[in-house]
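Visitor: The lines below spell out each chain.
2 protein chains.
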Amino acid sequence: MVDLKFSDGLIPVVVIDTRTREVLMVAHADEEALDLTRRTGFAHYYSRSRKRIWKKGEESGHLQRVVRILVDCDEDTLLYEVEQTGVACHTGHRSCFYRTVDGEEIAPRVIDPEKVYKKQDQRR
Amino acid sequence: MVDLKFSDGLIPVVVIDTRTREVLMVAHADEEALDLTRRTGFAHYYSRSRKRIWKKGEESGHLQRVVRILVDCDEDTLLYEVEQTGVACHTGHRSCFYRTVDGEEIAPRVIDPEKVYKKQDQRR
Numbered sequence: 001m002v003d004l005k006f007s008d009g010l011i012p013v014v015v016i017d018t019r020t021r022e023v024l025m026v027a028h029a030d031e032e033a034l035d036l037t038r039r040t041g042f043a044h045y046y047s048r049s050r051k052r053i054w055k056k057g058e059e060s061g062h063l064q065r066v067v068r069i070l071v072d073c074d075e076d077t078l079l080y081e082v083e084q085t086g087v088a089c090h091t092g093h094r095s096c097f098y099r100t101v102d103g104e105e106i107a108p109r110v111i112d113p114e115k116v117y118k119k120q121d122q123r124r
Numbered sequence: 001m002v003d004l005k006f007s008d009g010l011i012p013v014v015v016i017d018t019r020t021r022e023v024l025m026v027a028h029a030d031e032e033a034l035d036l037t038r039r040t041g042f043a044h045y046y047s048r049s050r051k052r053i054w055k056k057g058e059e060s061g062h063l064q065r066v067v068r069i070l071v072d073c074d075e076d077t078l079l080y081e082v083e084q085t086g087v088a089c090h091t092g093h094r095s096c097f098y099r100t101v102d103g104e105e106i107a108p109r110v111i112d113p114e115k116v117y118k119k120q121d122q123r124r
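Order-wise, the sequence lines are chains L and X. Counted from 1, the first sequence has number 37 at position 37 by this note's numbering; the numbering is strictly sequential. Counted from 1, the second sequence has number 33 at position 33 by this note's numbering; the numbering is strictly sequential.
A hint or two may mislead.
One copy or two, either will do: identical chains are not told apart, so a pair holds if it fits within one copy or between any two.
No farther apart than 30 angstroms at their CA atoms in a straight line, the calculated lysine-lysine pairs in the DSS-like style are these [to be verified]: (1) K5 with K55; (2) K5 with K115; (3) K51 with K5.
Honestly, the hints are just simulated from the structure, not real lab data. Keep in mind the model is a prediction, meaning the values are calculated, not measured.
Model the full assembly from the supplied sequences, consistent with the hints where possible.
Guide: In structure tokens:
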């Protein structure tokens, strides 16, 4: 494996849909999350706010099967090419990048997030 | 404009080619770089290593005309959609993401970086 440069133990990950090539989200991985991603084939990240590893879709069911992992020239950023189940964004949009910097929505909400939360409640 | 969340004065920027939708690079912007980008229509970033604003292509001529700027749901990451002149990567690859995490090159070098450096010398 390429000698990755983690910063404070983390490396940013750009996530794209392998079919549409759309940028879905940006998250962070630590070494363990990357290792879990490679071993299981499903995207794992490190949540800076929750201070723990998370498997994408562990609650919503919106998993990401990782088809390929790329690294940039500086070896300090990763790119996961994924098959996205459902949507990537917790707002119900397919991608987290659904607005211009001026706040104009350029992509529709395709899933009602309340239904995803409801599903979570039922799982408890 | 959306109320952006800068971290230590910086916000990460994912850059895609507006034509091919390819992820070209990831860089950082501070408020001034973003303002310059919006005012001039050309991508500006903040270099953490050089500790200064830089206009992409200022030396190589490989400018990025910014067509649209998106923001993610958390308002802590930007996405520049650009028309790339030449190549985005200083290695001469079109995108900085030209290798898998295992080091396999998946995209060719399309420009000889030495020629770009040579051009820089002539400009001095």
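Visitor: All hints, please: hold or fail.
Guide: Results of checking the hints against the structure:
1. K5 with K55: So K5 and K55 pass the 30 angstroms test inside a copy (22 angstroms) and across (25 angstroms) alike.
2. K5 with K115: between (39 angstroms within a copy, 28 angstroms between copies)
3. K51 with K5: both (20 angstroms within a copy, 19 angstroms between copies)
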